[in-house]
Amino acid sequence: MHSYTKYWHVWKTIAINALQTTFVNRGSNVFFFIGKALRLAFMLLFLWMLRNTVKTIGGYTSDEMVVFFLVYQFIDTVPQILYRGVYLFSNLVRTGEFDFMLLRPINPLFGALTGKPDINDALFLIPSTALSLWIISQLSLTITTASVALFSILMLNSIILATALHILVLVVGILTTEVDGVIWMYRDVSRMAQFPVSIYFEPLRSLLYFIVPVGIMVTIPAEVLLGKHSLYVVLFSCLFSGGFMFLSLKLWNWSLTKYQSASS
Amino acid sequence: MKTTTIKKYWALLTISWENGLVYRMSVFMWRLRRFLAAVMALTIWSTIYTSAAPEATTFGYAQSDMISYIFLISILQSLVLATALNGLAQDVYSGAISNQLLKPLSLTVYLIMQDLADKLKNASALLFEIIALFLIFKPVVHLPDLPTLGIFIVWTLAAIVLNFCISLLFGSLGFWSPETWAPRFLFYTLLQFTAGQLFPLDVLPTIFQKVMYATPFPYLSFVQTQLFLQKLTLSEIQLHSMVLLGWVAVLAFLAQGIWKRGLRDYDAAGR
Numbered sequence: 001m002h003s004y005t006k007y008w009h010v011w012k013t014i015a016i017n018a019l020q021t022t023f024v025n026r027g028s029n030v031f032f033f034i035g036k037a038l039r040l041a042f043m044l045l046f047l048w049m050l051r052n053t054v055k056t057i058g059g060y061t062s063d064e065m066v067v068f069f070l071v072y073q074f075i076d077t078v079p080q081i082l083y084r085g086v087y088l089f090s091n092l093v094r095t096g097e098f099d100f101m102l103l104r105p106i107n108p109l110f111g112a113l114t115g116k117p118d119i120n121d122a123l124f125l126i127p128s129t130a131l132s133l134w135i136i137s138q139l140s141l142t143i144t145t146a147s148v149a150l151f152s153i154l155m156l157n158s159i160i161l162a163t164a165l166h167i168l169v170l171v172v173g174i175l176t177t178e179v180d181g182v183i184w185m186y187r188d189v190s191r192m193a194q195f196p197v198s199i200y201f202e203p204l205r206s207l208l209y210f211i212v213p214v215g216i217m218v219t220i221p222a223e224v225l226l227g228k229h230s231l232y233v234v235l236f237s238c239l240f241s242g243g244f245m246f247l248s249l250k251l252w253n254w255s256l257t258k259y260q261s262a263s264s
Numbered sequence: 001m002k003t004t005t006i007k008k009y010w011a012l013l014t015i016s017w018e019n020g021l022v023y024r025m026s027v028f029m030w031r032l033r034r035f036l037a038a039v040m041a042l043t044i045w046s047t048i049y050t051s052a053a054p055e056a057t058t059f060g061y062a063q064s065d066m067i068s069y070i071f072l073i074s075i076l077q078s079l080v081l082a083t084a085l086n087g088l089a090q091d092v093y094s095g096a097i098s099n100q101l102l103k104p105l106s107l108t109v110y111l112i113m114q115d116l117a118d119k120l121k122n123a124s125a126l127l128f129e130i131i132a133l134f135l136i137f138k139p140v141v142h143l144p145d146l147p148t149l150g151i152f153i154v155w156t157l158a159a160i161v162l163n164f165c166i167s168l169l170f171g172s173l174g175f176w177s178p179e180t181w182a183p184r185f186l187f188y189t190l191l192q193f194t195a196g197q198l199f200p201l202d203v204l205p206t207i208f209q210k211v212m213y214a215t216p217f218p219y220l221s222f223v224q225t226q227l228f229l230q231k232l233t234l235s236e237i238q239l240h241s242m243v244l245l246g247w248v249a250v251l252a253f254l255a256q257g258i259w260k261r262g263l264r265d266y267d268a269a270g271r
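Going line by line, the protein sequences match chains X and U. Per this note's numbering, residue 1 is the first one in the first sequence, and the count goes up by one each step. Per this note's numbering, residue 1 is the first one in the second sequence, and the count goes up by one each step.
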């Protein structure tokens with residue numbers, strides 16, 4: 001329990017620092033906020049136009065397509081709030097500053113992952129989630145209490161998967177001192193899950209389900225919310241994420257043995 | 001131009017080309033990201049049309065027209081929007097451009113050569129991507145007549161110059177502020193939709209189209225694609241030619257003026 005309190009205290013301090021930085025760079029953050037709002041608005045406009053023109057897309061109704069996008073929007077934002085530190089990790093490895101993280105009495109993985117919470121995304125998450133909930137309430141969908149409960153479990157599962165994927169990016173960072181290409185590749189691949197992954201051709205579809213599992217992160221939760229899957233799929237998703245996380249942690253521990261502490 | 005000058009800039013181009021290929025994995029990742037963006041857009045539209053009747057038109061586009069549109073705009077944007085000047089503002093702010101300013105070279109020509117080498121690098125990778133996209137989505141692309149093709153090439157070159165001027169303008173932010181990424185982020189977010197990669201701009205409501213055409217965004221690849229697909233009338237071609245050249249002139253003039261002013265204020269901080 002003491003350990004959890006310690007980590008909470010560390011994260012809180014880092015988050016408060018990030019919040020202060022955000023308020024120092026107010027102009028930049030306004031630009032970022034407007035950019036994110038415009039991106040959301042443009043996608044919603046596109047989906048609204050589709051909704052008015054096309055009845056079904058790849059076996060899904062236009063309203064269901066909106067749900068896929070909104071679920072993506074939420075799941076894409078949460079890891080960005082928590083794990084922005086990953087984007088800066090290669091610099092820590094290159095300069096040898098990661099040594100200091102290894103010396104501290106906290107888990108270096110915790111430090112590398114949560115090094116810089118993105119306050120801007122946290123601020124954006126509030127109105128965007130409220131808007132998403134309002135939009136979903138306006139759509140012609142059949143959503144039951146059971147599907148909402150399963151969806152909530154899968155949301156947590158998605159965050160575990162996103163964490164595992166970010167750990168893999170850190171592993172690449174230690175091995176190659178370069179994460180920029182990989183993290184942006186992950187972002188672009190996850191962007192493909194703005195639409196149900198099942199519409200893509202093979203082998204891309206399988207890749208999106210099992211290699212970079214954005215299908216399990218976004219498509220399956222959205223489908224569960226829409227009542228399109230049974231409990232077995234939820235169980236499979238949770239088991240898959242557990243396995244994926246286990247593999248990521250093993251690789252992380254292995255990569256630490258390869259860290260060369262260059263430049264320090 | 002003297003032979004020695006040509007040799008100097010040729011050397012600059014080859015050095016920039018080689019520099020661009022130092023981190024080959026990064027180049028590969030970047031191209032793969034662009035390829036996946038094209039795959040996503042093409043898949044969505046293919047699925048939309050497959051779900052509708054085969055002969056149906058959506059937003060006024062038949063399936064083959066839409067697939068050709070997305071195919072062409074993906075190629076065009078890879079050429080026009082790729083730039084080596086993304087880090088220019090940071091170079092200015094950190095004082096790194098002092099190295100270039102001290103050399104007996106024109107800074108503008110140096111930046112042009114860097115950008116040209118980057119475009120050549122992207123164009124080389126694009127050849128493979130075109131083949132892959134062609135094999136996967138089988139777009140039906142009809143070549144326009146020779147005069148239209150000529151205008152298309154001129155418009156594409158103008159779009160490249162336009163994008164170069166915009167990059168210079170963003171680069172000039174570094175003379176006065178360390179916060180250069182946020183305005184670029186906003187610009188590229190706008191560009192992502194307004195340059196027409198996910199959907200053609202003429203499917204938008206009229207009011208949105210009018211707002212878009214008051215900006216340079218559609219002239220960075222959308223109008224070129226419309227021209228190639230022969231969707232423009234003669235009067236529209238004339239109008240867009242004038243507007244495109246107008247944007248190039250205005251932004252080139254602005255970029256030149258702001259860089260002159262910036263270099264006057266430049267104090268090589270950090271050097």
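Where hints are given, some of them may not hold.
Which residues of chain U face chain X? A few of them, derived with a C-beta cut under 8 Å, are [to be verified]: (1) Y9; (2) A182; (3) F193.
It should be emphasised that the hints constitute simulated quantities derived from the structure, not laboratory data. Note that the structure is predicted; figures quoted are calculated from it, not measured. All C-beta atoms in this analysis are idealised placements derived from N, C-alpha and C, irrespective of residue type, glycine included.
Item to check | Numbers of unmet hints, in rising order | outcome: 1
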